[in-house]
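Chains as they are written, first to last, in my numbering: chain A, 1 to 275; chain B, 1 to 275.
Derived from the structure by calculation, the hints contain no laboratory data. Certain hints may be false.
It does not matter which identical chain is meant; a pair holds if it fits inside one copy or across any two.
Below are the SDA-like pairs computed for lysine to any residue, each with C-alpha atoms no more than 25 Å apart in a straight line [said to hold, decoys possible]:
| hint | residue 1 | residue 2 |
| --- | --- | --- |
| 1 | Lys222 | Arg163 |
| 2 | Lys268 | Glu170 |
| 3 | Lys44 | Gln9 |
| 4 | Lys106 | Gly238 |
| 5 | Lys12 | Asp24 |
| 6 | Lys106 | Leu32 |
| 7 | Lys13 | Phe270 |
| 8 | Lys44 | Glu34 |
| 9 | Lys70 | Tyr81 |
| 10 | Lys106 | Leu33 |
| 11 | Lys268 | Leu35 |
| 12 | Lys157 | Pro29 |
| 13 | Lys106 | Ile148 |
| 14 | Lys77 | Val251 |
| 15 | Lys27 | Glu110 |
The primary structure of each chain is shown beneath.
Number of protein chains: 2
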Amino acid sequence: MTKQELFNQIIKKESFLCVGLDADLEKIPDHLLELDDPIFEFNKQIIDATKDYCVAYKPNLAFYESLGVKGWESLQKTMEYIPSDIFTIADAKRGDIGNTSRMYAKTFFEYFNFDSVTVAPYMGNDSVAPFLEFGNKWVILLAATSNIGGLDFQYKKIEGGKRVFEEVLEKSLEWGDEENLMYVVGATRAEMLSDIRAIVPDSFLLVPGVGAQGGSLEEVAKYGMNNTCGLLVNSSRGIIYAGSGIDFASVAKNKSKELQSQMAVQLKQFGLLEK
Amino acid sequence: MTKQELFNQIIKKESFLCVGLDADLEKIPDHLLELDDPIFEFNKQIIDATKDYCVAYKPNLAFYESLGVKGWESLQKTMEYIPSDIFTIADAKRGDIGNTSRMYAKTFFEYFNFDSVTVAPYMGNDSVAPFLEFGNKWVILLAATSNIGGLDFQYKKIEGGKRVFEEVLEKSLEWGDEENLMYVVGATRAEMLSDIRAIVPDSFLLVPGVGAQGGSLEEVAKYGMNNTCGLLVNSSRGIIYAGSGIDFASVAKNKSKELQSQMAVQLKQFGLLEK
Numbered sequence: 001m002t003k004q005e006l007f008n009q010i011i012k013k014e015s016f017l018c019v020g021l022d023a024d025l026e027k028i029p030d031h032l033l034e035l036d037d038p039i040f041e042f043n044k045q046i047i048d049a050t051k052d053y054c055v056a057y058k059p060n061l062a063f064y065e066s067l068g069v070k071g072w073e074s075l076q077k078t079m080e081y082i083p084s085d086i087f088t089i090a091d092a093k094r095g096d097i098g099n100t101s102r103m104y105a106k107t108f109f110e111y112f113n114f115d116s117v118t119v120a121p122y123m124g125n126d127s128v129a130p131f132l133e134f135g136n137k138w139v140i141l142l143a144a145t146s147n148i149g150g151l152d153f154q155y156k157k158i159e160g161g162k163r164v165f166e167e168v169l170e171k172s173l174e175w176g177d178e179e180n181l182m183y184v185v186g187a188t189r190a191e192m193l194s195d196i197r198a199i200v201p202d203s204f205l206l207v208p209g210v211g212a213q214g215g216s217l218e219e220v221a222k223y224g225m226n227n228t229c230g231l232l233v234n235s236s237r238g239i240i241y242a243g244s245g246i247d248f249a250s251v252a253k254n255k256s257k258e259l260q261s262q263m264a265v266q267l268k269q270f271g272l273l274e275k
Numbered sequence: 001m002t003k004q005e006l007f008n009q010i011i012k013k014e015s016f017l018c019v020g021l022d023a024d025l026e027k028i029p030d031h032l033l034e035l036d037d038p039i040f041e042f043n044k045q046i047i048d049a050t051k052d053y054c055v056a057y058k059p060n061l062a063f064y065e066s067l068g069v070k071g072w073e074s075l076q077k078t079m080e081y082i083p084s085d086i087f088t089i090a091d092a093k094r095g096d097i098g099n100t101s102r103m104y105a106k107t108f109f110e111y112f113n114f115d116s117v118t119v120a121p122y123m124g125n126d127s128v129a130p131f132l133e134f135g136n137k138w139v140i141l142l143a144a145t146s147n148i149g150g151l152d153f154q155y156k157k158i159e160g161g162k163r164v165f166e167e168v169l170e171k172s173l174e175w176g177d178e179e180n181l182m183y184v185v186g187a188t189r190a191e192m193l194s195d196i197r198a199i200v201p202d203s204f205l206l207v208p209g210v211g212a213q214g215g216s217l218e219e220v221a222k223y224g225m226n227n228t229c230g231l232l233v234n235s236s237r238g239i240i241y242a243g244s245g246i247d248f249a250s251v252a253k254n255k256s257k258e259l260q261s262q263m264a265v266q267l268k269q270f271g272l273l274e275k
């Protein structure tokens, strides 16, 4: 999916919501556990319920891998079920030497047909570049993450005054551009978005941490939105585990619809939708 | 496996060799391709041929994941086949927010029963800590990697004069110790090993990059060995793809034996074996 196609979806749905598919056998409703593939059944109902209100789905690979072969199968079925006009993110945080990153890229872009994959920057250029060689596919590079440990290294000042995450952003512009690179920026540090926009004004940012992790949608839009929206705001637990009963999907639907409405307000305020 | 048990194996086998199991359908000998599970068959023969000369096996997760469900099955069978006195490393370069890292830890430590997993440090403490909560299991943290991109961020000087990889080493000592933390340090920068030993004198280091990537075993031993050896030197392609014919396993055996002999010399020189 191209940047323009993604923006078109955002305008059409009046939403920049990404739903995180962190399906966990210990958290999905009990009545699903008797089924042959509870994880896929859960995802299927979540997708049916939320697909009109979101523009992206983000399966978290750890949840599928922890189930071994069965989890891998559930993920494959989930990917086949997601409508093709919805952007897909393999939240996998990969990154290794060149020939290994190439293998990961094949896994996510070819085997599963994801549009994008999250990549950790620590190993530098040749760990990221192989992912950028696939046409119409995206790297979503970790920049300033929302977790407390994000403070350990990402905000260290390096000689010259830049912080590590700023060095990552600047360096990455030598490897790709806003047509194949996005960045992970946590909503818990919304004010950071201005600093990030100073370096990557036109890029999309994947923003986790709204809701459950405490970030505010208004703040994120205020500091992060650009003229192609430039934001994918993720909610996982706040949507998919909002309900725990037989009606979990309709609760998820309401939650995603609620977030979509709030996003429409922000898009209008920014002048991206007709008022 | 404990540090002492690993050291005992090193003394017994007079080797600190780790064999990287990067099984690739495009590189394994043709005659295996007709079999039901060529990847497992390849690994099985490599393990039979090399197990007397190495103390660790390191499957590279990317190679298995790229084959989807079948790759996952091959990995599972491989793990069951590896003798229990050989240390196992999931080379996965994972690292995510706490609840996700916990899922990855369960995958590698419980589902597959690996002794250790490689972890990327970019997301800090809470991305690493969940892996350290498992008894008798290890995190192998990326510090100074052997690839060219390793220079992009790891060697940047931060305020106060330390380099990023030194900050990673120091910070990590707040999270664990030499009984549950090792570090990835590339052999292509062997002289770095002195700087690393200044911070983590007693820890094991996983050293890729000897052979194919150009590092020298003598240099690595000179700068990196300590009184429990403290080194696991990895060779992947240099062993498993040394031969490409029907006799690939015996070629691999000779290559691993050759490395083991060179390692025995280093262990003797350092006074860890009787002369």
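Hint check:
1. With identical chains, the CA atoms of Lys222 and Arg163 are at most 25 Å apart within one copy only, with a shortest distance of 22 Å there and 35 Å across copies.
2. For a Cα distance limit of 25 Å, the shortest separation of Lys268 from Glu170 qualifies neither inside one copy, at 31 Å, nor across copies, at 48 Å.
3. With identical chains, the CA atoms of Lys44 and Gln9 are at most 25 Å apart within one copy only, with a shortest distance of 21 Å there and 49 Å across copies.
4. Proximity of Lys106 and Gly238 under a CA criterion of 25 Å is satisfied inter-copy only: 24 Å between copies versus 31 Å inside one chain copy.
5. For a Cα distance limit of 25 Å, the shortest separation of Lys12 from Asp24 qualifies neither inside one copy, at 31 Å, nor across copies, at 43 Å.
6. Within a single copy, Lys106 and Leu32 get their C-alpha atoms only as close as 32 Å, which misses the 25 Å cut-off; across copies the closest is 22 Å, which meets it.
7. For the homomeric pair Lys13 and Phe270, the shortest alpha-carbon distance inside one copy (16 Å) is at most 25 Å, but the shortest distance between copies (67 Å) is not.
8. Taking CA atoms no more than 25 Å apart as the test, Lys44 paired with Glu34 passes inside one copy only; the shortest distance there is 16 Å, against 37 Å between copies.
9. When the C-alpha separation of Lys70 and Tyr81 is checked against a cutoff of 25 Å, the pair qualifies both within a copy, at 17 Å, and between copies, at 21 Å.
10. Taking the shortest Cα distances, Lys106 and Leu33 sit within 25 Å of each other only across copies (20 Å), while inside one copy they are farther apart (32 Å).
11. For the identical chains of this complex, Lys268 and Leu35 are neighbours neither inside a copy (43 Å) nor across copies (60 Å), given an alpha-carbon limit of 25 Å.
12. With identical chains, the CA atoms of Lys157 and Pro29 are never at most 25 Å apart, being 46 Å at best within one copy and 50 Å at best between copies.
13. Taking CA atoms no more than 25 Å apart as the test, Lys106 paired with Ile148 passes between copies only; the shortest distance there is 22 Å, against 32 Å inside one copy.
14. Proximity of Lys77 and Val251 under a CA criterion of 25 Å is satisfied intra-copy only: 23 Å inside one chain copy versus 42 Å between copies.
15. Within a single copy, Lys27 and Glu110 get their C-alpha atoms only as close as 30 Å, which misses the 25 Å cut-off; across copies the closest is 19 Å, which meets it.
The earlier numbered hints that this structure contradicts are 2, 5, 11, 12.
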